[in-house]
Amino acid sequence: MSQDRGSVELVDVTKRFGSMVAVDTLNLDVHAGEFLSLLGPSGCGKTTTLRMLAGFEQPDEGFIRISGEFVQGVPAYKRDVNTVFQQYALFPHMTVAENVAYGLRQRHVSKSDIAARVTEALDMVKMRPLADRKPRQMSGGQQQRVALARALVNRPSVLLLDEPLGALDRKLREEMQIELKLLQSQLGITFVFVTHDQEEAMGMSDRIAIMLDGHVEQLADPETVYEHPSSAFVAGFIGRNNFWKGVSTAQGVHADDGTEFVASNPEEKVAPGQPALAAIRPECIHLSSTDPGHVINVIEGAVAGVSHYGDVLQYVVRTADRDVLALLPRQGAVRLAPGDPVWCHWQASEVYQFSAEQADLVLQDPAAEAQPG
Amino acid sequence: MKRYFTVSSALGVWTGAVIVFLFTPIAFLVAMSFNDYKSIFKWTHFSTRWWGHMMQNTSLTSSVRVSLEVAFVSTALALILGTFAGLALAKRPGKWTAGFVGIILLILVTPEIVDGAGQLSWFVLLGGPFRTGLTPIVLVHTVFSSAVVTLIVRARVAGLDERLEEAAADLFATPRRAFFEVTLPLVMPAVLAGGMLAFTLSLDNVVSTSFVSPAGVTTFPNYVFGLSGGIIRPEVAAMATLFIASTLAAVGLVALALRRGGQSGTEIAATFTGN
Ligand SMILES: Nc1ncnc2c1ncn2[C@@H]1O[C@H](COP(=O)(O)OP(=O)(O)OP(=O)(O)O)[C@@H](O)[C@H]1O
Ligand SMILES: [Mg+2]
Numbered sequence: 001m002s003q004d005r006g007s008v009e010l011v012d013v014t015k016r017f018g019s020m021v022a023v024d025t026l027n028l029d030v031h032a033g034e035f036l037s038l039l040g041p042s043g044c045g046k047t048t049t050l051r052m053l054a055g056f057e058q059p060d061e062g063f064i065r066i067s068g069e070f071v072q073g074v075p076a077y078k079r080d081v082n083t084v085f086q087q088y089a090l091f092p093h094m095t096v097a098e099n100v101a102y103g104l105r106q107r108h109v110s111k112s113d114i115a116a117r118v119t120e121a122l123d124m125v126k127m128r129p130l131a132d133r134k135p136r137q138m139s140g141g142q143q144q145r146v147a148l149a150r151a152l153v154n155r156p157s158v159l160l161l162d163e164p165l166g167a168l169d170r171k172l173r174e175e176m177q178i179e180l181k182l183l184q185s186q187l188g189i190t191f192v193f194v195t196h197d198q199e200e201a202m203g204m205s206d207r208i209a210i211m212l213d214g215h216v217e218q219l220a221d222p223e224t225v226y227e228h229p230s231s232a233f234v235a236g237f238i239g240r241n242n243f244w245k246g247v248s249t250a251q252g253v254h255a256d257d258g259t260e261f262v263a264s265n266p267e268e269k270v271a272p273g274q275p276a277l278a279a280i281r282p283e284c285i286h287l288s289s290t291d292p293g294h295v296i297n298v299i300e301g302a303v304a305g306v307s308h309y310g311d312v313l314q315y316v317v318r319t320a321d322r323d324v325l326a327l328l329p330r331q332g333a334v335r336l337a338p339g340d341p342v343w344c345h346w347q348a349s350e351v352y353q354f355s356a357e358q359a360d361l362v363l364q365d366p367a368a369e370a371q372p373g
Numbered sequence: 001m002k003r004y005f006t007v008s009s010a011l012g013v014w015t016g017a018v019i020v021f022l023f024t025p026i027a028f029l030v031a032m033s034f035n036d037y038k039s040i041f042k043w044t045h046f047s048t049r050w051w052g053h054m055m056q057n058t059s060l061t062s063s064v065r066v067s068l069e070v071a072f073v074s075t076a077l078a079l080i081l082g083t084f085a086g087l088a089l090a091k092r093p094g095k096w097t098a099g100f101v102g103i104i105l106l107i108l109v110t111p112e113i114v115d116g117a118g119q120l121s122w123f124v125l126l127g128g129p130f131r132t133g134l135t136p137i138v139l140v141h142t143v144f145s146s147a148v149v150t151l152i153v154r155a156r157v158a159g160l161d162e163r164l165e166e167a168a169a170d171l172f173a174t175p176r177r178a179f180f181e182v183t184l185p186l187v188m189p190a191v192l193a194g195g196m197l198a199f200t201l202s203l204d205n206v207v208s209t210s211f212v213s214p215a216g217v218t219t220f221p222n223y224v225f226g227l228s229g230g231i232i233r234p235e236v237a238a239m240a241t242l243f244i245a246s247t248l249a250a251v252g253l254v255a256l257a258l259r260r261g262g263q264s265g266t267e268i269a270a271t272f273t274g275n
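These protein sequences, in sequence, are chains A and B. The opening residue of the first sequence carries number 1 in our numbering; numbering runs sequentially from there. The opening residue of the second sequence carries number 1 in our numbering; numbering runs sequentially from there.
No lab work stands behind these hints, which were simulated from the structure alone. If you're wondering where the values come from, they're calculated on a predicted model, not measured in any experiment. Accuracy of the hints is not assured; some may be wrong.
[As the list claims (entries may be wrong)] Below are the DSS-like pairs computed for lysine-lysine, each with C-alpha atoms no more than 30 Å apart in a straight line:
#1 Lys-78(A) - Lys-171(A)
#2 Lys-181(A) - Lys-126(A)
#3 Lys-171(A) - Lys-111(A)
#4 Lys-134(A) - Lys-42(B)
#5 Lys-181(A) - Lys-171(A)
#6 Lys-38(B) - Lys-78(A)
[What the hints assert, rightly or not] Computed, partial: chain A to chain B, Cβ under 7 Å:
#7 Phe-70
#8 Asn-82
#9 His-93
#10 Tyr-102
#11 Gln-106
[As the list claims (entries may be wrong)] For the chain B half of the interface with chain A, some residues (derived, Cβ under 10 Å), not all of them:
#12 Ala-167
#13 Asp-170
#14 Met-188
Just so you know, even glycine gets a beta-carbon here, dropped at the ideal spot from N, CA and C.
Here chain B stands alone, though its shape is the one from the complex (with noise of 0.2 Å):
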């Protein structure tokens, strides 16, 4: 008995370390945005005139905007492309599965510098509209996201029962409507995680977005990462907390749906873990 104690609270103890690793340096970037100092690696006092200075840096809020814009275009482009092959693969498989499985896991393998440098001199190549606007930096991202929706949407679709299909058409559904209203609905967590997933790692790409970028169109990172003398301000902070504040809100969104349709809690932590 008590050395079951001793071993549980010294797992609690643990697991606490592990949360304040993790989120340390969060808080300390949310904290840090209330400073009113000039930059977050120094604290005076409580302030929240950065929040406001946030709002005038236009180089700062266009280069949110352009994350934005890309996040938003990239994540429907990759979800209209990763369901449907995730759905073929998981539905249709044949002598093609392997060698597209093959390719996606080369998408989400190569290291980005190389996807960056040779995506660079394709578009180099094709010129135009590949060298202008944020056309580039949405294709860019909408590969890889493409790629992981796939992979997520294809393993919810292989754990559904096929029955379920048959079940529909027994009940004499046309194979179109039993798509929309058995199918879809049931991957419909795993589009949505996809979906999730899509949009934070377009949000977070530095490297093959820097080497794409056109002349002056900035992603939020890649103005964060280019700030001058790395010098960074709280109010770069501030708008890190805005962006964690709406992941947050986000996630808390999406696990309502899933709740609304019918997912336990668990089902819904392992939809967003990929299982």
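Pulled out of the complex, with its shape left as it was, chain A reads as follows (with noise of 0.2 Å):
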């Protein structure tokens, strides 16, 4: 039992509010002291699969095990997890300390256990000096490292955190990344982080579970997912990608526009002949100013924009019928203006197949969806 204490387990798990299915036949393993990422777009059921673990609402169908206990019915009071919420939800009558203190108080820890467990959780997150102010005199920061001293000093086994940074600034943001990952792999709780910035869960995860319409479409680390994106969508949703529609060949794909896309290893799920997509990465295209000579792999057309990022170029072809777009580093990187005619080609290795289901998901490019069939 206690090698489980911060493992999560959902079952099958099904929410609905009305007739509206929020969350959908739900499977997610979440493995004691890992930091677990759910990343989707809106609406696609995040809040909810936290309220479920955190006891608010209580799921329809299926299970939830929570460090190997099952939680039917198990009130949110009772149950050995604390949330960050969104928007902090500080007690705006008590002082920070107040705010910090409440769970111990609520389980009866000895008074001098409890200041001397408050100052360590204000001391983790540096607003020791700030014990006595209300939550309205503070700033959004600082109310945000509240929130989390609040949760942590409890020691829970599972710490539940929706869009904990989602309200604050740019650079606050990336500094209050590194440090609660930081502080999660000090503390070794487990974290169930809900964002819907694909960004932060990169960098900040040990593993990511990819939700789209109440399911969990991929759920794997970082790498995985960027690398073997399980689905289209996947593959559109983590970084950004190039969609081609066309048919599945015995090699890869033969797209509709007439690019032939050959791939080091086809996706065998998808039978020759069905309809299928090809995906290729901004940063995995070529660009050379000659014809290459070759006839797969490669895409003619000429050059729309040019984009500086820092370090990278963003090019926009335009080719016959869509956009293609290009991210070369500065460095070596081919100088082509508007209206060069330009090739784009690609490795092999590079070119993703998928099934065509998720066609309307991904091909948000005007031009592809312009296309006749």
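Put the two chains together into one complex, using the hints given.
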């Protein structure tokens, strides 16, 4: 039992609000002590999932285990789980110290222990000097830290965080990301972290659960979801991707615009002749101003735009049917001006191939959507 | 620039005029309590003699006692009824809410003369305790006071962040402790403001009170209203001055309590004006 402390398991969990299915037969395994992110577009059920773990909502179907124990019908106040709310939800009529002490008081910890642990928790988030302030006398970032201290002081087996950094400006958010990650690895508490910011999830998590329409689309470490996305949706959601629609061939995909994609390890799940998607990441596309002279894994177009992002250059290349995005490292990148003819090409090892099921989700390029058929 | 100053000084003068308009009658009454003459309608010279007379006039002092007793009891009842009704309206809305709010609004908009007549006929029918002592007056005051408290508390609870109760539960507070340690303290300003309003409304009431007052029971406003020949002596002005002073003190105390409870000045003002 004790080595299970901090593990979380959701099995076939479904939650409905009226006729609306917010969470749809969701399965998820969180290991004890890991930093797991729930990542997905707005409305995919992240908050609802977290609220079921906290005990604010009960699943309609399926079951949840926390630290190995079933939690059906266990109310929130009896769960060894704490939450950092998106808008912090600090008690406005209590000081910072009273807020942080609240959970310990409920558990009848002795007065001297409370004082010591509150001080320790406030030190941990560098908030000790503000212990006597009221929440409304603090900035968003300071409130955020207090909310974190208020939850962590209880040493829960699992900490739930619902977009805790969403309201902070970029610089503060990046600082807090580093601090949070550090705290988590020091304390060894399981973190279930909700975000819709994929960079945040990639940077902080041990594993990421990518959610779509109330279920988990892929659960893996950041490198795997980037390198081996299990679906076109994941490929488009993690980083960016150029998608082409077409039909599956023995070696890859024959796109509707005539481009021939040959993959070094073609997807076996999509039988040849079936509708399929091919995808190439912008950073895997090479540009050349001369015809590379081969007919596979290449598409011809003209430069439509160039943007400079620090150490990368972003080119938009207009091809016959659609725009292609290419990201090149500034060092040694070909310099092209708008209107120049250009050939985009890529390695066979960079070709992703998916079934066409999620085509509507990922093909947002207006040029691609304008295509007949 | 110049134009701006003209506009702003005109606004200043206007504000001053409004204040004068509002407070002159009160200042006049206070001044008249130090009048030597036997009526407040004519000033002779300064004297405090009516302040002494005030305490000897037993029908005046007993009417004040009736008013205070009625105000305290009806306010206490209204706070209990209104606070829970307000909480229920905001937290468990359902099919019943519209009807319930309708009844409350009806209580507030029905002309008092109608209320009073209706309540009197009802009390006559019931008889017994409903026709003696303070009971009928307390009941009538409790009805409108609890309607006011309900609306104020409901507005406050509806404006509370629901997450706060969840946060309390998340921090191991049982529903009971979450209510007493989080919800109630946050609703308290509205309860206090509602109580203040209820108390003043009760002290003020004339029409429905005069309908249901049993023989020999008179409240202070009804006593003043019924003074024979419309002669109001400075002792009444003295008593009124005492009332004004205690009302101000009460408002001050409530504001202090709210500030202790962590409210800012604007929030306190908003509470008093029912926003
Ligand atoms: N209490 C509720 N009543 C009705 N529908 C709800 C309720 N809570 C959530 N939903 C619906 O369930 C779906 C999932 O909501 P949820 O809040 O879990 O999404 P989310 O992934 O957290 O989105 P976001 O990134 O916007 O916060 C949404 O379509 C939402 O409208
Ligand atoms: Mg959410």
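Do the hints match the structure? See the list:
no.: 1; hint: Lys-78(A) - Lys-171(A); verdict: violated (37 Å)
no.: 2; hint: Lys-181(A) - Lys-126(A); verdict: holds (16 Å)
no.: 3; hint: Lys-171(A) - Lys-111(A); verdict: violated (38 Å)
no.: 4; hint: Lys-134(A) - Lys-42(B); verdict: violated (55 Å)
no.: 5; hint: Lys-181(A) - Lys-171(A); verdict: holds (16 Å)
no.: 6; hint: Lys-38(B) - Lys-78(A); verdict: violated (72 Å)
no.: 7; hint: Phe-70; verdict: violated (19 Å)
no.: 8; hint: Asn-82; verdict: holds (6 Å)
no.: 9; hint: His-93; verdict: holds (5 Å)
no.: 10; hint: Tyr-102; verdict: holds (5 Å)
no.: 11; hint: Gln-106; verdict: holds (4 Å)
no.: 12; hint: Ala-167; verdict: holds (4 Å)
no.: 13; hint: Asp-170; verdict: holds (5 Å)
no.: 14; hint: Met-188; verdict: holds (9 Å)
Figure legend: structure checked against the earlier numbered hints; hints not met, in rising order: 1, 3, 4, 6, 7.
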